[in-house]
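Peer 1: Sequence:
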Amino acid sequence: MRQRGGAASSWPPKPATAEEVSTDYFSENSADSNSKPAIAAEVSTDLVVGRSPTASACEPYRELIGDALARGRNARAIWQDLVDDHGFVARYASVLRFVRRLRGAPVPEARVVITTAPGEECQVDYGEGPMVRDKATGKYRRTRLFVLTLGYSRKSVRLIVPKSSSRIWAELHERAFRESLADRPRLRRHVARLHGGGIVVRSVPNVGSTFILYFPAI
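Taking the numbering used here, I'd label the letters of the sequence shown as residues 1038 to 1255.
Hints listed in this document are in silico derivations from the structure and should not be mistaken for laboratory results. Treat the hints loosely; a few may be bogus.
[Stated by the list, open to error] With a Cα cut of at most 16 Å, we get these calculated EDC-like pairs of lysine to aspartate or glutamate: (1) K1200 x E1165; (2) K1192 x D1162; (3) K1200 x D1171; (4) K1192 x E1216; (5) K1192 x E1157; (6) K1192 x E1158.
Start from the sequences, fold in the hints, and give me the full structure.
Peer 2: Structural data, given as structure tokens:
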């Protein structure tokens, strides 16, 4: 399409390129002395005075934190002491990370592993049990908990009694021993022979069987 008295032009007009736009912008604003630059003339790149950006805020208190750890204080208590006594402004997480770094990787403690033969040893624990409601009075009372654990299989028998005495203490051993050996005939035989005794079985048809363990007198 041609206009009268002018050069030929096309419609619609072509969009300007990025270079043309930037050239026109700077040429139009170069003569304006009052125009403000997009970025401030002075930009400070200095680091904040006080500590390295990679250093912990706890570094000035390294000795105090080390002494507190030696006395058995935990990270939470150390952080609270720093806040109260030294005006510490960093968060608890900063102290926690610093404490973990001082302690290093945890070293597992050496433990003794005791291996016993089946029926050779057992462990007995006896102490306070849970609160149980008495059916007769409706009140809660403290019970006694008896736990017998076999040394080889680590299987245990737990018994709860309402009161304690020397007789009950002996009866608990007998009950736990019976329950732990109730369905283990080989273990019963092994325990009897291990202690110099034996086992006798008496069966009645259609009635049941009775296992008798006997040990030599001590």
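Peer 1: Looking back at the hints listed earlier, which ones does the structure fail to meet?
Peer 2: none
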